[in-house]
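4 protein chains.
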Amino acid sequence: QNARDMQEDETSSLDSFLTSLSKVNSSRQRASALFHWLINPVSSENFFRDTWEKKPLLVRRQKPDYYHGLFSTTEFDRILRTDNVQFGVNLDVTSYSNGKRKTHNPPGRALSCSVWKYYESGCSLRLLNPQAFSSTVWNVLSILQEMFGSMVGANIYLTPAGTQGFAPHYDDIEAFVVQLEGKKHWRVYSPRSDEETLSLVSSPNFSQSVIGKPIMEVVLEAGDLLYFPRGFIHQGDCLPDAHSLHITISSYQRNSWGDLLMKMVPAALEMAMEEDVEFRKGLPLDYLSYMGVQNSEKNDPRRVEFQKRVDSLMKKLAAYAPVDAAVDQKAREFLHDCLPPVLTPDEKTTSVFGAPARWEDGEVVDVEAQIRAQTRIRFIRGGIARLCSNGEDVLLCHTIENSRVYHKEEPKSLEIKSEYTDAVEFLIHSYPKFVTVASLPCDTAEDKVLLAEMLYEQGLIHTSEPLQPK
Amino acid sequence: QNARDMQEDETSSLDSFLTSLSKVNSSRQRASALFHWLINPVSSENFFRDTWEKKPLLVRRQKPDYYHGLFSTTEFDRILRTDNVQFGVNLDVTSYSNGKRKTHNPPGRALSCSVWKYYESGCSLRLLNPQAFSSTVWNVLSILQEMFGSMVGANIYLTPAGTQGFAPHYDDIEAFVVQLEGKKHWRVYSPRSDEETLSLVSSPNFSQSVIGKPIMEVVLEAGDLLYFPRGFIHQGDCLPDAHSLHITISSYQRNSWGDLLMKMVPAALEMAMEEDVEFRKGLPLDYLSYMGVQNSEKNDPRRVEFQKRVDSLMKKLAAYAPVDAAVDQKAREFLHDCLPPVLTPDEKTTSVFGAPARWEDGEVVDVEAQIRAQTRIRFIRGGIARLCSNGEDVLLCHTIENSRVYHKEEPKSLEIKSEYTDAVEFLIHSYPKFVTVASLPCDTAEDKVLLAEMLYEQGLIHTSEPLQPK
Amino acid sequence: QNARDMQEDETSSLDSFLTSLSKVNSSRQRASALFHWLINPVSSENFFRDTWEKKPLLVRRQKPDYYHGLFSTTEFDRILRTDNVQFGVNLDVTSYSNGKRKTHNPPGRALSCSVWKYYESGCSLRLLNPQAFSSTVWNVLSILQEMFGSMVGANIYLTPAGTQGFAPHYDDIEAFVVQLEGKKHWRVYSPRSDEETLSLVSSPNFSQSVIGKPIMEVVLEAGDLLYFPRGFIHQGDCLPDAHSLHITISSYQRNSWGDLLMKMVPAALEMAMEEDVEFRKGLPLDYLSYMGVQNSEKNDPRRVEFQKRVDSLMKKLAAYAPVDAAVDQKAREFLHDCLPPVLTPDEKTTSVFGAPARWEDGEVVDVEAQIRAQTRIRFIRGGIARLCSNGEDVLLCHTIENSRVYHKEEPKSLEIKSEYTDAVEFLIHSYPKFVTVASLPCDTAEDKVLLAEMLYEQGLIHTSEPLQPK
Amino acid sequence: QNARDMQEDETSSLDSFLTSLSKVNSSRQRASALFHWLINPVSSENFFRDTWEKKPLLVRRQKPDYYHGLFSTTEFDRILRTDNVQFGVNLDVTSYSNGKRKTHNPPGRALSCSVWKYYESGCSLRLLNPQAFSSTVWNVLSILQEMFGSMVGANIYLTPAGTQGFAPHYDDIEAFVVQLEGKKHWRVYSPRSDEETLSLVSSPNFSQSVIGKPIMEVVLEAGDLLYFPRGFIHQGDCLPDAHSLHITISSYQRNSWGDLLMKMVPAALEMAMEEDVEFRKGLPLDYLSYMGVQNSEKNDPRRVEFQKRVDSLMKKLAAYAPVDAAVDQKAREFLHDCLPPVLTPDEKTTSVFGAPARWEDGEVVDVEAQIRAQTRIRFIRGGIARLCSNGEDVLLCHTIENSRVYHKEEPKSLEIKSEYTDAVEFLIHSYPKFVTVASLPCDTAEDKVLLAEMLYEQGLIHTSEPLQPK
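Chains as they are written, first to last, in this note's numbering: chain A, 21 to 490; chain B, 21 to 490; chain C, 21 to 490; chain D, 21 to 490.
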């Protein structure tokens, strides 16, 4: 970043807001506050009661600079110049005209020179994982994910004046369209059927003739926000007089009750088969002669009987549903999806990332700074880690070593010995309060310090004050 | 087979019984009759009402020759001499003494010479798939499988006098122990808990100290039968004065209601998620903060609420259970497990396997024998084939090309065009009646003949009379 | 086989010849004698000196029954009726007319009925591995392979009168075309270039216009033989008045000096790199600037120098060629390719396959027959086994457990402990002489018997007289 | 980097040297000059004539700052603090005491805090790929690789005073040990045998008792250099009064004549088998009876004959060796191993990486800057790309998209149409001269520009002057 960019950032409304956020004690409150900033002046309470997963929402602000600092074409240009952006992997070049949606990606690296040529020729640009290139986007998404309890992603769209880059379609995520520069004409359409409502999969591209009339038609200007739930068809195009830059922040992909049941139901059946002999009894000797598709039109009382028996067993299944274990499976996937936190200067100074041990003037200094019984600690973020069981061991799954690039790292966890699980659970539930190492429910004073040291060295906890060398 | 064996076979009670069975019109009736022969004088009705999956049963006959012809040590010797029996694959050499169960299999082929040396030294022999080596066992099992609607397997056990070959254990199948030669002392024990009742998995070997007292203790003699359900612990040993040869015929491995539900439940959930928006609604924003193992001891009303919601969705699942499709999945697996039929001379003469076309005196003769409108046809066995859908196409799954060796062949099926499905279903439901080709519900007379020819050439149907060359 | 077939076989010239062959002491002499029968009246000496790998040869005999008993259309019909012949795997249905070569294989089993229909309609039939279905073909090929030291294979071709089944082409094997029934018109053409001479790969189908004029044109009649080397283009068609049945016996696929060098050369280089520092010296710093395709037209003295250095190293390679180890690699592959032997009654009686141990009258008898110091033994066939090193252990690779179906079994071998290698080598080199167990060069009398017993139980050796029970 | 580091860097001798290097016209001359700086005052000519691959060399300078700027403990500390260094992947913690070599890597990220604790406790640190973390190391290695024509790698070693981190051993690379800070006591030993001379593989750890007496024993001080060839055993330990930081720069791993022959020899044999019938002739019928390990002690004249034939064929192989194609295979692997170039500001300005097209004040500007006939171009580095054939297509293999992390990217290449190969070859051979686009040997003026544009957009060429917008 050159000096001019730095200056812009420093004075941006978002930048100072993020700084003030970092003073908020709990990462969960930070998440709520940031989300409120996103949908302001709508309140979260109203939003989640009336709008979320129900209908589109337009927030018109008349403040073009409201989202200033989040992302800009200037940063887009810098990224193309500095970072290894690959066509097809990180950037898509697209067009939609005369009802035809095309992708123009050449192979290889997307250098500014060729990207801007495409843009000049009327193509739209979609930057696929801006959080890997922009620290601010990374920071914002990583804070928000703690409120959603579900991965928060984003795409950036840059569209030349007078063009459209994408065909009408619906997505499998809740979408927050944040207009950053210029303006864009949007049309939003209702799901066309019960099946499409809150769809768990994205649609193909639609032709204009099959999508009906929009229920909302607006021109989004810089500083405005448009929300719509999954399953709502939408399309956006640029007016002849202005390009458009927006970021779509998304969440709740495959985060439905059904997705949870997919973890739960096979395990429930397994458990039922182990515990309830009714599930282990043999099928009727002759069931193949009246059941199955080739017999489905037979009018046989045994079919009714068979169906009843299935019904009764299916209903018994509920009693065996391992809800907490299934939630942990979802949680583990979520922790793997998560962005790692962007640490504030304070968080760094009080954690292993700012530990005083260092090389100075030809020798190692200050390695002896240490955690003691009276040291006050807490997890570095509320959502940084979670105790899960994988069936055999207790694991502390965490996000601290995740990558800005989706799933570039394997899921990370520490095995927690049984004598430490209570103490870890205590620490988790204490957040955001700092507690002394001495207060950890471990058997011995030594264990308390050992556990705290381990969590500290992994970067999972921080201390109320920076550790001091002796 | 040498002449003496032939003679024995010809006069065996089983041999003549199987010949008479082949006159029975329907393969399903043949199966019932053969099963009745097996458990005679108990009636099938009583057996399946009072005993099956419930408790052990002893049939004592005082007729040492009752099962004569099914298998013998003479045939065992012939097999070792003639066939490629491999240690560890087809034959196990075992011992159980002083509470220690051992396996003595060397690598390679099991030739009679070394096998009998092991036997002389006190080892037991278990022949693992006698149906691959003995045509009679193959024939018997392939007939019975049509009654059970579940794979029927068998093992042969030969035990020297005064020894025991196996430790106490229970199996995951319904077992019919048929004493063929000599005698054996058996002890049968009740399942030790609800969980072991009708167990779907086999147990490890048990020590004598953990199995309690037998509920049945008998000496089985040639011609006797012992049945016990899966989950019943058992052990057999030879008295000092006699060796023992028995065959254990088994069925109903993983053929329980639960096993059917394993096919059904994931599909039910998938369907529910497509059709019912309740399954697609998002999980509560903050559910990770009160659900999951780390929160399982929290006293939080939201936990109750969450659990209720899961419950209600689980119960709704039953309404989406695709019973017939799941049965077809089970049926397809069963058809793959099945032994191919052992065709009777009549069945051969009236099917493609006995079609008159042949090479004779330097030329091909009688290729023109043909199916005509008035030809009367039916499936060659009731259980030879089944119409199933794989989601896209309609398949006629069949067993005619299966192997005597378990799963040596891939599952076989013919794709049935939509214009033929009614006619194939008509043929299936007509069995055991022969119907004229003209009566098939096809669009054209040509179609009727084409379909019949296809099924005939695959060996799936036969004709009431041998086809005559012009 | 019905009685009539039996009778035919018994009186067949081949049958009685094979019986007489089985009296010949050495399996290598049997192989020579059988090969001489094949090419009679040409002598083997003349054949291998003047004809083999050089030019076609026609043997005209005027004895239609000369090869009687080897294979027949009657046996073909029996095989289709009895055995599991699969279209595309074991049988090809082909045609060649108007310059178009077509394959007509449907999926599934090739039953006589549909096969003869194809034949009647003018298609040729190629049975791909007759040795798996015909014991006589198996026996003949398994004897011959010992003379060739290379796998001997066969195909059967049945062609209707007035048709041709295959386009002109050349093969990668030495071909012996044995006319069994009817007659066939053959045209053989010289290799068209040095590159095609003794080609190691088969050609595609040729059009008539590119193959020139035949160097041999004959009508082969039953009892005649036609030989041609690999690389010779050939085509055969039936005259209007007679069908044709022939078997093509083949050998020497990928059995050239070059194929041996493929085993040898990488190992030679590896050894040279270990032992000679010249091979380990670094390449010139700047070689990439004057070598490589982009510099190949440069006139640079360094190129000449570089090339010279390569040349000199390549020539030094010869000194490191591990000839015997490479031959053993070829030998191991050959032993895996081999058919197992068809044992004569005498061979059975004197080997483990006829060991007296058996089940009789309710007990095991004669298990105590034993090998003693004075027992005289030899390998059951000259080519049954071979001592090879796999780099670490000494293995006795053998063919006794191979299958009639190509490579259906993994390569088989016994690990030979170092104290036994001399004795095994002694036994190998003693063949065809029987030697006493006492004469084996082992350390102890016990070792001699133990080794002999191990080889006997594996079926690799037989005794001069049947073993007698005590 | 904080301000103080910046200042240090700017005044470092290396930094200003690298700046002056960037004015040198040809990247090959830059490489030579940098290598000369490394071994100064020894001349390259002398070095490669007398020392390289022959014996160790000590350059003692008495100038502790000679290598200043290459790497430092300060940078080590910064890397641990800023970059994702993983134990076991990027950093090894080791010790060697009482003859025992140990590795102490915990799992996970290597944060400065825990790394310095290990160091304080007496462990050595080895940073495995400093080029991924230090731009200067990256720059130096990427320049040097062009001189060696073989991958240039590096490790950093930091050792506490009074300790040793590694056991005596030899490596498979040419090693340049550059002392950066402190001092280290080194002992170097001759290869112990011909086989170990210029070894192509690294040795295991040796005990002191098997390595004999050192041929060189020195204390290396900051600014000194120690070179030794592969196969020379060595060990270094710190004196009680000073820690040691050194970087070992290495090259010529598997870059021997033998390694080239490994590419060449199989292809030579393949070609010989295609072109020379002697290689395709069949092996002798009976060769298995006198060749092979089991016959290796036979005194058989046929063995001599056989061996002679093999010899003569091996010698003929040399004539078929595809030297240039094999060199291209080596070259392709080298290009994949290469570090991408660190572009100078000038190189950036005149290449696609500095193309004027950019986003400015709400719109794209200067996209129309274009290559014209009179534009003067050349490859951006001499070693950036190479024309290779993969057997079918002509490829321009290049390093511009390689990663600083070894093999993180797949090998990259452009397919060059046949009408462009001459022009690309012309461009390659013209380097370091700039040539006009008009001078490219293409068919049309349009082709010339199209080719130049393609190479420009890939970043492979640069222009003599920055492209100017219209």
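Just so you know, these hints were derived from the structure itself, not from any lab.
Among the hints, a few may not be true.
The list cannot tell twin chains apart, which means a pair is met if one copy fits it or any two copies do.
[Claimed, not checked] Below, computed lysine-lysine pairings styled on PhoX-like, alpha-carbon distance capped at 20 Å: (1) LYS283 <-> LYS328; (2) LYS301 <-> LYS283; (3) LYS137 <-> LYS490; (4) LYS233 <-> LYS283; (5) LYS301 <-> LYS233; (6) LYS74 <-> LYS301; (7) LYS490 <-> LYS453; (8) LYS453 <-> LYS318; (9) LYS301 <-> LYS120; (10) LYS301 <-> LYS75; (11) LYS137 <-> LYS122; (12) LYS283 <-> LYS335.
Cross-check of the supplied hints:
1. For a Cα distance limit of 20 Å, the shortest separation of LYS283 from LYS328 across copies, 17 Å, qualifies, whereas the shortest one inside one copy, 26 Å, does not.
2. When the C-alpha separation of LYS301 and LYS283 is checked against a cutoff of 20 Å, the pair qualifies only between copies, where the shortest distance is 16 Å, while the shortest distance within a copy is 25 Å.
3. Taking identical chains as interchangeable, the C-alpha atoms of LYS137 and LYS490 lie at most 20 Å apart only when they sit on different chains, with a minimum of 15 Å there against 60 Å within one chain.
4. Neither within a single protomer nor between protomers do LYS233 and LYS283 lie at most 20 Å apart by alpha-carbon distance, with minima of 38 Å and 42 Å respectively.
5. Taking the shortest alpha-carbon separations for LYS301 and LYS233, neither the intra-copy value of 55 Å nor the inter-copy value of 25 Å comes in at or below 20 Å.
6. For the homomeric pair LYS74 and LYS301, the shortest alpha-carbon distance between copies (10 Å) is at most 20 Å, but the shortest distance inside one copy (45 Å) is not.
7. In this homomeric assembly, LYS490 and LYS453 never come within 20 Å of each other (Cα to Cα): the closest approach is 26 Å inside a single copy and 63 Å across copies.
8. In this assembly of identical chains, the alpha carbons of LYS453 and LYS318 lie at most 20 Å apart only when taken from different copies (18 Å versus 67 Å within one copy).
9. With identical chains, the CA atoms of LYS301 and LYS120 are never at most 20 Å apart, being 58 Å at best within one copy and 33 Å at best between copies.
10. For the identical chains of this complex, LYS301 and LYS75 are inter-copy neighbours only, at 13 Å across copies versus 48 Å inside a copy, given an alpha-carbon limit of 20 Å.
11. For a Cα distance limit of 20 Å, the shortest separation of LYS137 from LYS122 inside one copy, 16 Å, qualifies, whereas the shortest one across copies, 54 Å, does not.
12. Taking identical chains as interchangeable, the C-alpha atoms of LYS283 and LYS335 lie at most 20 Å apart whether they share a chain (18 Å) or sit on different chains (16 Å).
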